[in-house]
Amino acid sequence: MQTPRLELSGIRKVYPAVVANDGIDLRVMPGEIHAVLGENGAGKSTLMKIIYGIVKPDEGRILWEGRPVAVASPAQARQLGIGMVFQHFSLFETLTVAQNIALAVAGKRRLKDLTQRIVTLSERYGLPLDPRRHVHALSVGERQRVEIVRCLLQSPKLLIMDEPTSVLAPQAVQALFGTLRQLATEGCSILYISHKLDEIKALCHTATVISAGRVTGTCDPATESTAAMARMMIGRDIPAITRSAPPMNAEPRLAISHLTHRARDPFGTHLDDISITVASGEIVGIAGASGNGQRELLAVLCGEETVSDARTIELCAIRVGRLGPARRRELGMCFVPEERLGRGAVPRMSLSENALLTASRQGMVRRGLIDDTVVRTFTQRCISNFAVTCGGPSAPAKSLSGGNLQKFIVGREVMQEPSVLLLAQPTWGVDVGAAAAIRQAIVQLRARGVAVLIVSEELDELFEICDRIAVIAKGRLSPAKPVSQTSVEEIGMWMSGLWPGAQLPERVDAVSA
Amino acid sequence: MPFRLEPRAVSSRTMTYASPLIAVALTMLTGYVIFCPLGKDPAAAFSSFFIAPLDNRYGLGELLLKASPLMLIATGLSIGFRANIWNIGAEGQLALGAIAASGIALYVHPPTAWLVLPTMIVAGALGGMAWAAIPAFLRTRFNANEILVSLMLTYVGLLLLSYLVHGPWRDPAGLNFPQSQEFDGDALFPIIWPGTRLNASIFIALAAVAAGWVFMKKSFLGYQLRVAGLAGGAARYAGFDATRLVWVGLLAGGAAAGLAGVGEVAGPIGQLLPSVSPGYGFAAIIVAFVGRLQPLGIVLASLLMSLLYLGGEQAQIALNLPSAITGVFEGVLLFYLLGCDVFINYRLRWRPRTPAQAARTAVVSVAEVRTP
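Chains as they are written, first to last, in our numbering: chain W, 29 to 541; chain V, 56 to 427.
Here chain W stands alone, though its shape is the one from the complex:
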């Protein structure tokens, strides 16, 4: 029998509040694409950090090609032949691709030779990349290629990919899979971290399922059904979402017309001539790979940034482009932000105090003083209506799991009976059960005539709950298409900015002139 490339036994890591890894065994063979499957918070990332030498395990053994090793640092991991591509990239925006890679490659090398090697490598593995371009001008997919090429330059024997497809369009995912398969046939082992079951089925040879820090199963994803893998991952079936018919007599609630806005961040995405309407009882989704203007669009819609022309954003037929977030909330707009801790909620404050953050207009403040009874009742109702698992209204927000805190935040916004609800990545980093509950709550808003706008990078989620879907790419927005008349493939193609009638970026100047 072949010697495994990497063998872990009994890996245990305890953090002050949580047991992240509890006796994990894992064996990766040479040339194997091995999936590590688990929900957010199951302990996948900790395990990978242990392999890559960022975190030291409290217990357990690591065998590298049959020899026991203690990986003390990422530098040592790289020496052994372990490379890792992180979910969040670590690149300098103001440097070129070649300069970024030169920073990470050990030893002094001439930039010219390195550039040549980058070109050779990227051609060989089908990762087109121009080493002279600056990173800030690259798309997210291209940035990921930089990270991968940077790893490949070290000729790794094991490549760890942490949720690599969360930032990619469907077509780019297929290209990435091609590269990974090629690497595997050349003998490189790949540890592929994900919670997307269909991807794992398509790509991986073996899957190890982790739940709450323990291995709950090992299987061959090609033969195992997705439902069976989901059960191993969350311990039960995923609840299905029930949809109701949208109400009649829909009226436009949120109307964005020819919205053009320069990003405050010099490396941000400028919004270019965006138009879309959301009617009451309608759920509209905005798809797109991250970094294509979602952040800027949401900042402008919720009022944290105002636009110069008030007419470009209308809320219930009132021009709100120049109003701040507080005024827009008064007019019936509610917002669930992407970051839960520090934005959607104050980590150190109790749930009651966090209810007051945005729901203060629900009779919680009288003559400038807080009415504790009203706040507490509201919080209690939110906790029970949305099945938030927590230590009661006085539990601090940071003591809740991601999914429960998100349920609380969504509940807080929904209970204010908004006429327009904006949601950014509503189920990002949320466990499957909580995600289903949140989607169900959103779908129920339709029946109550709320206009819902969801910005999400999860195409499956958008197809599951939306009535219409539009795509944002490079700061421009495609027309919105009814879900029944489009497909994942078409939306995926649009994510590169190519939709019928798409204008060229030159129009930015024409609009601002």
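Since the hints were derived computationally from the structure, they do not count as laboratory data. Each hint can be trusted.
In silico DSS-like cross-links for lysine-lysine, where the CA-CA straight-line distance does not exceed 25 angstroms: (1) W:Lys426 with V:Lys273; (2) W:Lys426 with V:Lys272; (3) W:Lys84 with W:Lys185.
Every beta carbon over 12 angstroms from chain V, so not counted as near; a handful from chain W, in silico: (4) Glu35; (5) Ala130; (6) Val133; (7) Leu139; (8) Thr270; (9) Ala415; (10) Arg467; (11) Ser515; (12) Trp527.
Here a beta-carbon is modelled for each residue, glycine too, at the ideal position from N, C-alpha and C.
Could you slot chain V onto chain W? The hints should help.
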């Protein structure tokens, strides 16, 4: 290093309250180390520093007299500090409060006698607020750093005070001393404890502490300030008016410092002098932090700080120590407090062996735990 600092999962409540007490204990210990090489008997030194000031009625009166401006200013500053608005210029705002109140006492004559003192109080608060409004305006309009602006304005304020008592407001009958005329009785706070200098201005300080508590705990504006201090992103998301919060945070400190200025010139001093405060505005910053920005804590910390002032004076007389000893103790206390505060969110772990050895022991200990 065999010791390691480890982040705690939850910040320690015990340490939050124990930290100031440990800091006080360590300050005493340091005092011992300072006194010994100076050839002073530590026991006698401690007695003259911490006990002698309190063994008579006059001393107790002085303790409360000095604690009252400290708790007043610290309460005002803590409102801004909770929102991460750093007003370091209370000393200057105090001077402006003293100037404004003196102006009323000396040159504006309210129609009835009982109106004099209330007018002075209002003028003093407004004077302090006016001085704090400058950093507030520059911060909100030009994003100028309020720490630097408020600190620099302190020196401008003190020079303005100096100019007035050396020039236009100098008492013509004052033998050329840099001081104003003495105030009339109507312009002075009544003494509330015979045999001491303790006057009614302490009620303003206590009322301010109570008002500050209600404001931060019960009002929506106080809540907004707390949110802004804990998570700026959440305050922006909720749409709280950041400009308004900066103004409130700075003006609260300015008003409190201005009132403290009134308490000095209309209290123990009774006239305007080139120096109206022994550094209350700066010491109050330490009081606010030693008191955990909480009302009760601030009251206790102000008493402690007041004792350091009195002890310093006593030490000069009894032990021939320089007056700088008070400043030394203030600094040492703040130093230890900041040091001890680290342990609210961290704990010290003893890690004597190599990680491999430690791992092996951990396996054994886990096995022991599991066997029963």
